[in-house]
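The lines below spell out each chain.
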Amino acid sequence: MYTFSNRLRLFAIISFALGAIMVGFSLASVPSSVEDMKAMEAAHGHGHDGDHADAGHDDAKTAHHDDHKADAADHHGDEKAHDDAHASTDHHADASHGANAGHDDAAHQDEHKLQQLQNKPWAAIYIAAFFFMMISLGVLAFYAIQRAAQAGWSPVLFRVMEGITAYIIPGTISIILLLFISGVLHWNHLFHWMDPELIREGSPTYDKLTVGKQAWLNVPWFLIRAVIYSSIWIAYRQISRRLSIRQDNATDNSNFKKNFRLAAMFLVLFLISESLMSWDWIMSFDHHWFSTLFGWYVFASMVVSGVTVIALVTIYLKSRGFLEYVNDSHLHDLAKFMFGFSIFWAYLWFSQFMLIWYSNIPEEVTYFITRIEDYNLPFFGMLALNLIFPLLILMNSDYKRLNWIIVIAGIVILFGHYIDIFNMVMPATVGPHWSIGIAEIGAILLFLGIFIFVVFTALTKAPLLPKRNPFIEESKQFHY
Amino acid sequence: MSNKVIQAMYIDDDVLMAAVKKVRQENHHIEEVFTPFPVHGLDKAMGLEPTRLAITAFMYGCVGLAVAIVMMNYIMITDWPQNIGGKPSFSYLENMPAFVPIMFELTVFFAAHLMVITFYLRSRLWPFKEAENPDPRTTDDHFLMEVSVHGNEDALKALLLETGATEIKVTEKH
Numbered sequence: 001m002y003t004f005s006n007r008l009r010l011f012a013i014i015s016f017a018l019g020a021i022m023v024g025f026s027l028a029s030v031p032s033s034v035e036d037m038k039a040m041e042a043a044h045g046h047g048h049d050g051d052h053a054d055a056g057h058d059d060a061k062t063a064h065h066d067d068h069k070a071d072a073a074d075h076h077g078d079e080k081a082h083d084d085a086h087a088s089t090d091h092h093a094d095a096s097h098g099a100n101a102g103h104d105d106a107a108h109q110d111e112h113k114l115q116q117l118q119n120k121p122w123a124a125i126y127i128a129a130f131f132f133m134m135i136s137l138g139v140l141a142f143y144a145i146q147r148a149a150q151a152g153w154s155p156v157l158f159r160v161m162e163g164i165t166a167y168i169i170p171g172t173i174s175i176i177l178l179l180f181i182s183g184v185l186h187w188n189h190l191f192h193w194m195d196p197e198l199i200r201e202g203s204p205t206y207d208k209l210t211v212g213k214q215a216w217l218n219v220p221w222f223l224i225r226a227v228i229y230s231s232i233w234i235a236y237r238q239i240s241r242r243l244s245i246r247q248d249n250a251t252d253n254s255n256f257k258k259n260f261r262l263a264a265m266f267l268v269l270f271l272i273s274e275s276l277m278s279w280d281w282i283m284s285f286d287h288h289w290f291s292t293l294f295g296w297y298v299f300a301s302m303v304v305s306g307v308t309v310i311a312l313v314t315i316y317l318k319s320r321g322f323l324e325y326v327n328d329s330h331l332h333d334l335a336k337f338m339f340g341f342s343i344f345w346a347y348l349w350f351s352q353f354m355l356i357w358y359s360n361i362p363e364e365v366t367y368f369i370t371r372i373e374d375y376n377l378p379f380f381g382m383l384a385l386n387l388i389f390p391l392l393i394l395m396n397s398d399y400k401r402l403n404w405i406i407v408i409a410g411i412v413i414l415f416g417h418y419i420d421i422f423n424m425v426m427p428a429t430v431g432p433h434w435s436i437g438i439a440e441i442g443a444i445l446l447f448l449g450i451f452i453f454v455v456f457t458a459l460t461k462a463p464l465l466p467k468r469n470p471f472i473e474e475s476k477q478f479h480y
Numbered sequence: 001m002s003n004k005v006i007q008a009m010y011i012d013d014d015v016l017m018a019a020v021k022k023v024r025q026e027n028h029h030i031e032e033v034f035t036p037f038p039v040h041g042l043d044k045a046m047g048l049e050p051t052r053l054a055i056t057a058f059m060y061g062c063v064g065l066a067v068a069i070v071m072m073n074y075i076m077i078t079d080w081p082q083n084i085g086g087k088p089s090f091s092y093l094e095n096m097p098a099f100v101p102i103m104f105e106l107t108v109f110f111a112a113h114l115m116v117i118t119f120y121l122r123s124r125l126w127p128f129k130e131a132e133n134p135d136p137r138t139t140d141d142h143f144l145m146e147v148s149v150h151g152n153e154d155a156l157k158a159l160l161l162e163t164g165a166t167e168i169k170v171t172e173k174h
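Just so you know, the protein sequences line up as chains Z and C, in that order. If you're matching positions, the first sequence starts at 1 in UniProt numbering and goes up one per residue. If you're matching positions, the second sequence starts at 1 in UniProt numbering and goes up one per residue.
Bound-form chain C, shown alone (with noise of 0.2 Å):
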C-alpha cells in the first residue's frame, strides 16, 4: 500500500467544514486541515480530542508556588531569619502576607511559561523548523484538506470535487 494522499483546496471556510463532516461520514480519515486563520469548529467537527494544556498549567501553577513557599520559607525564615524592620521571621505563617505576591507571581510564572514551552513542544514549534504547509496559499485564503487513500482513489476524488473542492492534487505522503 502506497503513501498516497489527496490534497483538495478549498476557498471557503463554510465549505470546508460541511466537506470535512461529509468525509468523515464517508469513513475517510482526515489526515490534517490546513487553514489560514482558526475554524471556530473545525476541531469538532474532525473529531480532534479536546486539549489538555489548561490541565498542564495547573499543575505548573502548582509547582510554581511550591517553588515560592520552599524558597522563602529556606531563605526568609530558615537560613537567616533576620529582623528586618519588625516583620516577625518565627515561622512562615507569620510572616505570610509578605511572600503573597512573590507566591502569586511565581505560580503565575511557572504556570504561564512552562504551559507555552508545553504548547511548543507538542506542535513541535522552534526556531529555523522547516515549514509544513503544503501550499502557500493556505497562509492567505486557501484551506487545504488532506485525505488519505485506501482503496478507491478515483471514488474519493468524486466525493471531494462534491464537496466543493476547488483543485484535486494526489501525492506521495512526505
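For reference, chain Z alone in the conformation it holds in the complex (with noise of 0.2 Å):
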C-alpha cells in the first residue's frame, strides 16, 4: 500500500493556495471598464499613440467575427463595407461624417480590447482546467487501450494509471463550472457564440454565421453534451477500477472479462465523445473556423501528455519504493509511447497546418495567421518542444532506460502541450494581449495542486499491484 507522504501533500497545498491565490488576485486587477483600462494603461507607461495603433492591427486580424460579418450578405454587412469604401476612397466625403465614424471605430476597438484584457485570467483558468483534465483523460484511453489489447506488460502499471484517471471526476467538475460561467452566468466572454447579441435579428453585431451553427451551438445543448461525454468518461472510470478491485479477490476471471468487453465499448464510445468534445470546448473558441482533424489532433495531444503522466508518476513512485516489480524494460515502453506519440502529435499538427496554409482559404486560414503573427514563439516553440526535443532525446534505446532522461523529456512535453492547449485557446479569447504571467502560472500551480492530491491520495487507496491479473505474471517478468 501507497501512503501519500506529508511534503508532498503539503507542496500539493501549498501549490493549491498559492495558484488560488495568484488567479484571485489576477481576476481582481483586470480593468472593468474602457476607462479603468485606459487609466491603468497609463500608469503603466503605454504612449497613447502606440497603443491606438495596437488596438487597431489586433483588431484587423484577430476579429475575424467583424470579417465574416462583413462577407455575410446581410445588409448590414454591405452597408458597412460601402460606408468603408466610401470613407477611405471618396476625398469629398464630408468630415463631420469621417470623423464620426473614426470615433466609432476606435470605441469599438477599446471595446473589444477591454473584453480580451478581462478575458485573459478566466482564459488562463480554462486552459490549467483543460490542460490536467486532458491527462486524465489521456490516461484513462491509453488504460483502456491496454485492457482491450491484453497488453502482456502494463498490468503492474494499473494502479498508477487508475490513480490518474481519479483525477477525471474534479477535472470534468471544474471544466464544466467554467462552462457555465460562460454560458449561463456570462462572467466572461471566452464563448464568443455564446454573446446573445449575435443571433438576435437587428443587433448591429447580428452574424448570420453564429445564427447557422445555432442548433449545434446553443448553450443548453451544449452544457447536456457536457455533462453527457463527463458523465460516459467518469463511469468507464468507477466501473473499470471497481472491476479492477474486485478482481484482486475473486476466484474467476470474470471481472477480468468483464473489464475487457467494458474498454472496448468504452474505446467506441471514447473516440465519439472526445471529437465532439473538443469541437466543443477548444475549436468553438473560434466558431467561424472548423477543421476535420481537430479531434484527433486534441487526442494526440492529450494521449502523449498522458503517457508521460504515467511515465513520471511512475518513476516517483519506484524512486520511493513502491513498485517492486517495475523495472526499467516499462520505463523503456513508455518512453517508447512517449517518442511514438510525439510524433504523432506532430503528424497530426502538421496535417492541419500544411493543409490549411497550401490552399490558404480565407476563411480557413485566419486561424493560423493570427497565431503566426501574434503567438509566433509559442506556435512555432512548442514544435520543438513535442517534436524535435523528444524526437532527439528518445531516440535512443539506452536512453529510453534512464530515470532523468525521462524526466526531462517528460517536462518538456508536458509544458509543450500546455502551450499547444494555450495556442488553442488564448488567440481567439485574448488576442495579441498573451503573456505568461500570473493568471497562467497561478492557474497552473491551482490545478497541479488538485491534481497532485486527487490523484496520490487515490494511489493510497488500492495495492499498487494487482493481485489476480491474469498477466500481472508475464507484467512482473517482462523485459525488452
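Honestly, the hints are just simulated from the structure, not real lab data. Everything numeric in this text was worked out from a predicted model, so none of it was measured. The beta-carbon is built from N, C-alpha and C at its ideal position, and this holds for glycine as well. Check before you lean on any hint, since a few could be wrong.
[Claimed, not checked] Partner residues aside, some chain C positions facing chain Z, computed with beta carbon under 8 Å: (1) P97; (2) A98; (3) V100.
[Stated by the list, open to error] Label-pair distances were calculated between CB atoms; the ranges are: (4) C:A66 / Z:L271: 34 to 42 Å; (5) Z:M395 / C:R124: 26 to 34 Å; (6) Z:I408 / C:E172: 51 to 59 Å; (7) Z:N360 / C:S123: 32 to 40 Å.
Mind docking these for me? Both chains are given alone in their own frames, and the hints should help you get the complex.
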C-alpha cells in the first residue's frame, strides 16, 4: 500500500493555495471599464499613440468575426463595406461624417480590447483546467487500450493509471463549472458565440454564421453535451476501477473479462465523445473556423501528455520504493510511447497546418494567421518542445531506460503540450494581449495542486500491484 | 597449430543456449553458431557486441534530409524561383511546409535503403554468393556450434558431449 507522503501533500496544498491567490489577484486586477483600462495603461507607461495603433492592428487580425459579418450578404454588412469604401476613397466625404465614423471605430476597438483583457485570467484558468483534465482523460484512453489489447507488459502499471484517472471527476467538473460560468452567468466572453446579441435579429452585431450554427452551438445543448461526455468518462473510470479491485480477491476471471468488454465499448464511445468534446470545448472558441482532424489532434496531445504523466508518476513511486516489479523495461515501453505519440502529434499538427497553409482559403487560414503573427514564439516554439526535443533525445534505446532522461523529456513534453492548449485557446479569447504571467502560472499551480492531491490520494486507496490479473505474472517478468 | 574446429550438433535451442554458456565458461572460443531461426538471447550468451546498424541508419537519415533540403533549395528557390500558384518562393523557410513531405520521404528512403545495403555489406550477402552453412540440416531443425580446437581435443569433445551434443565432427577449417 502506498502512503501519501506528507511533503508531497504539503506541496500540493501550497501549490493550490498559491495558485488560488495568484488567480484571485489576476481576476481582481482586470479592468472593469474602458476608462479603467486606459488609466491602467497610462500607469504602465504605454504611449497613447502606440496603444491606439496596437488596438487597430489587433482588430484587423483577430476580429475575424467582424470580417465574416462583412462577408455575409446581410444588409448591415453591405452597408458597412460601402461606408468603409466611401470613407477611405472619396475625398469629398463630409468631414463630420468621417470623424464620427473614426470615433465609433476607436470606441469599438477599445471595447474589443477590454473584453480580451477581461478574458485573460479566465482563459488562463480554462487552459489549466483543460490541460489537467486532458491528462487524466488521455491516461484513461491509454488504460482502456491496454485492457482491450490485453497487453502483457502493463498490468503492473494499472494501479498507477487508475490513480491518475481519479482526477477525471474533479477535472470534468471544473470544466463544466467554467462552461457554466461562461454560458449561463456570463462572467466572461470566452466563448464569443454565447453572446446573445450575435443571434438577435436586428442587433448591430447580428452574425448570420453564428445563427447558422445555432442548432449545435446553443448554451443548454452545449452544457448537456458536456455532462454527457463527462458521465461517459467518469462511468467507465469508476466501473473499471471497481472491477479491477474486485478482481484482486476474486476466485475466477469474470471481473477481468467484464473489464475487457467494458474497455472495448468505452473506446468506441470515447472516440466519439472525445471528438465532439474537442469541437465544443476547444474549437468553438474560434466558432467561425473548422477543421476536420481537430479531434484527432487534441487526442494526440492528450494521449502523449497522459503517457508522460504515467511515466513521471511511475518514476516517482519507484524511487520511493513502492513499485517492486516495475523495471527499466516498463519504463522503456512508456518512453517508446512518449516518443511515438510525440511524432503522431506532430504529424497531425503538420497535416492540419500544411493543408490549410497550402490551400490558403481565407475562412480557414485566419486561424493560423493570428497564431503566426501574434503567437509566433509559442506557435513554432512548441514544435521544438513537442517534436524535435523528444525526437532526438528519446530516439536512443539506452536513453529510454534512464530515469533522468525521461523526467527531463517528460517535463519538456508537458510544457510543450500546455503551450499547445495555450495556442488553441488564447488567440480567440485574448488576441494579441497574451503573456505567461501571474494568471497563467497561478492557474497551473492551482490545478497542479488539485491534481497531485487527488491522484496521490487515489493511489493510497488500493494496493499498487493488482493481484489476480491473468497477465500480472507476465508483466512482472517483462523485459525487453 | 592446425586450423581444426569441432562441429557439435544440437537439436534444441534451449540445450544450445546452455551449451554456449558452458563452453564460454570453460574458456573455449566459439567460432560460429548456425541456427535455423533467431534464438533470443544467443548473441548475449555468445558475448557478441551489440549492432551499430541503428547508428548508421540515423546518420543516413541525416544525409537524406540534407539532400532533400539542398536539392529543393537549389531548384525551387535559387535556380528558378517561379511563382507557382502564389506560393512564396523568396526563401526556403517561407515555402518550407510544401517541402516537408519530400524531406520526410527522402530521410526515410536514405535511412532505410542505405542501412539495408550496409547490412548486406557487413554480413557479406549478395546474389550468387556460395552458401556457408556446414550442414544443410542447420537450415531446418538442427543447431550447430563450431568451436576451435586449441590443445586437448578429446577433453573438448567430452565437454561438448556432456552439454547435450547429438553429433560431433572434427574438420579442418575451410
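Here is what the structure says about each hint:
no.	hint	result
1	P97	holds (5 Å)
2	A98	holds (7 Å)
3	V100	holds (7 Å)
4	C:A66 / Z:L271: 34 to 42 Å	holds (39 Å)
5	Z:M395 / C:R124: 26 to 34 Å	holds (29 Å)
6	Z:I408 / C:E172: 51 to 59 Å	holds (57 Å)
7	Z:N360 / C:S123: 32 to 40 Å	violated (50 Å)
The earlier numbered hint that this structure contradicts is number 7, and it is the only one.
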